[in-house]
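Chemist: Single-letter residue listing:
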Amino acid sequence: MAKTETTPATEDKDIGVAGSQLSTAPAEDGGQAVPGSFGGVRRPGALGWLAWSGREAVGWVRWFWRQLTSMRVALILLFLLSLATIPGSLVPQTSVDAVKAENWKKAHETVASVYDKLGLFHVYTSVWFSAIYILLFTSLVGCIIPRTWQFVGQLRGRPPGAPKRLTRLPVHTTWHTEAEPEQVLAAARTLLKKRRFRTDASGDAVAAEKGYLREAGNLVFHIALIVMLLAFASGQLWKSEGQKLMVEGDKFSNTLTQYDDFKSGSLFTSDDLGPFGFTMDSFEGTYERTGPQRGTPRKYEAGVTYWDGADGAPKKATIKVNEPLETAGSKVYLIGHGYAPVVTVRDGKGEIAFRGAVASLPLDANVTESTVIKVPDTRDKDGNKTQLGFKGLFVPTQVPEMPMVSKFPALDNPRLVLTAYRGSLGIDSGLPQSVYQLDVSKMKQYKNGKRPFAQNLKVGDTMTLPDGAGTLKFEGIKPWATFQVSQQPGNSMALVGAVAALVGVAGSLFIQRRRVWVRAVRGADGRTVVEMAGLGRSESAKLPEEIGDLAGALQPDAPPVAPEEPTESAQPEDSADPSEGARA
Amino acid sequence: MTSIAAAANENLANISNVLIYSAMAVYTLAFLAHIAEWVFGSRSAVGRTAAALTVEAQAPAAAAKAAQGGGTAVLERPKVVTRSAVGSRDIPDGPGAAGTSEKGDVYGRIAISLTVLAFLLHAGAVLTRALSVERAPWGNMYEFSTTFGMVVVAVYLGLLVAKKNVRWLGLPLTTTILLDLGLALSVLYTDSDQLVPALHSYWLWIHVSCAILSGAALWVGACSTLMYLIRDGYEARLVIGRTGAGLDRYLAELPQDRKYARLKAKIARGTDNPVSRLPAAATLDKFAYRINATVFPLWTFTIVAGAIWAEAAWGRYWGWDPKEVWSFITWVAYACYLHARATAGWKGRKAAYIALAAFACYIFNYYGVNIFVTGKHSYAGV
Ligand code: HEM
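Order-wise, the sequence lines are chains A and B. Using this note's numbering, you'd call the opening residue of the first sequence number 1 and step up by one each time. Using this note's numbering, you'd call the opening residue of the second sequence number 585 and step up by one each time.
No lab work stands behind these hints, which were simulated from the structure alone. Any given hint might turn out to be false.
Coverage of chain B stretches by chain A, computed from C-beta distances (three or more under 8 Å per stretch; other residues unrestricted) [stated by the list, open to error]:
id, stretch
1, 717-728
2, 879-886
3, 914-923
All C-beta atoms, glycine included, are put in the ideal place defined by N, C-alpha and C.
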């Protein structure tokens with residue numbers, strides 16, 4: 001067998017120009033560039049040197065650009081991109097989970113400093129990752145523009161003329177007929193046109209081509225990739241994301257100061273916040289009661305009343321885990337929930353010092369919560385100013401054996417276990433303080449004899465502090481929920497890009513671009529020899545079938561007859577070609 | 585859920601388990617029948633492909649002669665002659681697992697019938713599991729694995745029904761399915777249960793079903809690629825006469841100290857016979873390409889659907905979660921493969937290696953990420 005892997009896989013010389021531009025892929029540039037390749041002859045003197053350097057520099061820039069926009073480099077860059085994406089999935093990323101990343105750094109101190117230098121905790125914004133995708137997209141742009149021009153040229157041009165010997169093409173058929181060559185060609189042209197080929201007759205042959213949408217689809221796909229990148233980038237720059245904890249009945253309006261926590265892209269300004277607000281009316285959570293997954297959440301939903309600054313009319317809505325509220329260009333997601341015990345604190349004088357719901361911090365999957373109550377404005381029984389602090393746990397389902405841990409996340413047997421302090425809460429110092437933590441460094445714990453004073457309260461119970469310092473009544477429980485308000489411009493642009501990419505890539509991969517030629521000439525026996533051949537990309541499987549089909553459809557106008565002896569067809573010559581195989 | 589319904593569901597779950605075990609038993613029989621098919625096939629005409637090589641060259645002339653046979657009689661439809669792409673060898677497809685052995689062929693047919701039966705049991709198992717949990721059967725790794733295996737078999741049977749040349753896939757298929765189900769039952773088993781709220785979304789249906797279908801088809805593509813690499817090596821040796829007796833001669837002449845070369849030659853001698861019955865390298869390569877190229881848009885859609893779901897659930901459509909990262913890597917790797925096929929110097933074996941690496945990424949995204957890395961996608965336990 002003559003043809004082995006060692007034969008270069010270039011287009012066949014028999015096919016020549018007819019096979020060119022079956023796609024708009026850039027030609028491979030095999031030339032080796034070395035210093036001095038582009039400068040040419042250097043004339044003596046400084047001017048000569050300058051001119052030479054100019055030519056050399058321009059040559060190198062063009063060479064570099066050609067390399068960058070070549071298929072080979074695109075392939076290498078794609079490969080690098082996939083490799084560079086990997087570390088971000090193995091090393092915890094600050095942007096994904098800051099706490100986890102911090103913990104990881106603490107646990108692996110020595111490697112962490114090296115990793116930090118390499119940017120491994122923020123891979124997707126690191127210099128090297130950016131370098132790869134920026135090069136790739138530069139290459140992509142540099143590839144799309146010339147390809148688009150080339151494609152437009154192909155659309156405006158005509159299908160390339162028939163190669164000299166159609167029987168050398170990968171798929172071909174031939175027969176003899178009594179019909180005149182002109183008749184056959186005219187019929188062939190009509191037939192091909194009817195099958196929506198673009199046709200062109202020149203000389204003794206008709207050339208036809210179909211499947212241009214393949215190229216169009218491919219270009220749309222690559223352009224859509226750029227659109228998606230831009231959409232993603234603009235989303236990162238202008239996005240904002242804030243969190244707000246709300247107890248049932250609380251009201252929120254969308255301004256910066258209302259948020260507990262707020263993050264935004266570098267180009268975001270607070271004027272970009274959409275004008276809206278909402279009240280949390282209710283919250284409902286249900287949990288699996290039986291089976292191995294007992295306690296797993298099954299349903300979370302928050303009922304809200306919201307108003308959009310545009311018209312201001314209040315509307316009701318339900319926010320679920322997968323169903324955010326969309327209003328005023330923002331989306332409100334439900335992301336967490338817990339319980340807030342409602343308490344009333346009276347001081348030594350019997351005055352109400354505090355009344356309200358205290359959102360507590362969940363500690364585990366069964367919503368054991370840590371509760372902290374700070375009461376700054378109180379007087380003891382003698383009328384002296386002091387401050388009170390309470391600290392403890394809220395347990396939605398308490399069992400007697402383990403009073404400090406919840407056994408189930410629903411409110412089956414809710415209890416509040418508290419101990420109390422007096423002294424200075426430290427909130428006047430001006431330093432910001434967590435509402436979930438009680439700083440007891442300047443406080444004294446109430447004692448019950450030698451042991452700390454503590455009480456296990458159910459709803460309706462009252463805890464009376466020693467020495468008549470005051471009381472705390474556990475009035476009830478309200479649910480709270482945390483909401484995330486996100487604004488991410490570019491979402492719809494990303495969606496449009498994604499849809500375009502999908503349509504484009506489907507077109508690019510499913511549509512076959514192929515050419516068909518039909519030639520009719522008078523043979524030596526006076527009959528007409530019809531030759532029909534097709535050329536597609538090597539992957540196209542349907543081409544032989546299609547040629548058979550076309551030949552069949554052409555035969556009513558060019559009925560085949562056997563040639564008279566001696567034959568003058570191309571066949572005997574072909575059989576000498578060892579690469580010919582009957583695979584029909 | 586009332587306790588009566590719960591009991592009914594538990595019953596269904598038990599039926600599902602029984603069906604899975606039965607399916608495994610029948611797959612095992614199919615596996616054995618396939619082995620018999622290959623074994624009998626090896627006793628049929630060996631070296632047929634080598635002989636065919638020389639016959640092949642004369643074929644077009646013969647065909648032309650036949651066509652010109654009958655004087656001036658009107659001819660039937662003209663014969664379409666095709667010739668393989670430039671640079672590929674003109675080696676015809678092998679005769680198939682059973683070779684020319686009729687007995688082998690019978691075993692092959694039995695194997696396929698058994699596979700159909702096992703598939704029905706398998707599908708029943710997946711269905712009852714779905715009914716028992718009252719949702720789509722892919723809420724955890726056990727369910728995903730069993731459903732994935734079922735879809736792989738469905739893709740294979742679908743290709744058979746579409747009269748594609750895929751009978752050679754039977755043995756690798758049954759082997760993989762047995763491994764997959766064995767792993768699912770022994771390591772990944774989880775009792776049936778509901779999903780956490782974040783998994784309630786119809787985008788989950790779309791996203792996961794597309795992911796499973798893509799994976800199943802990609803498995804077929806990867807299998808074909810692997811066979812391509814093996815067959816390609818064989819054909820390269822065939823062309824230089826280093827198979828059969830030629831290989832024995834080569835082995836006899838190889839110096840003893842070239843251990844690696846000798847080992848390779850010995851492996852070749854052991855495997856050439858079955859490999860000669862596979863389809864031609866060019867056929868396998870094209871088949872793999874078509875599968876992968878068909879799946880690429882589907883995989884793209886899978887990722888887009890996942891992004892839409894993530895946007896609804898977590899407020900961002902892309903957040904570099906490990907699962908997202910690995911789907912992206914898989915996607916880029918397959919884009920690499922498609923590019924390689926359009927790049928001079930990268931077609932053939934190099935592109936094939938990329939395709940295998942890309943499939944490895946898909947598999948890692950499933951098993952590796954769920955087991956070694958935790959992210960938002962890790963829900964209802966392993
Ligand atoms: C950056 C430079 C890039 C260049 C120069 C480039 C070039 C090309 C060309 C010329 C084709 C057509 C090949 C053919 O007709 O067979 C193509 C196809 C394709 N490209 Fe790109 N591309 C680039 C980037 C990308 C990127 C970033 C992706 C996506 C990850 C991508 C994905 C694809 C796909 C899926 C095809 C279809 C392959 C096929 O038709 O077989 N390309 N690319």
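Chemist: What are the numbers of the hints the structure violates, in ascending order?
Modeler: 1
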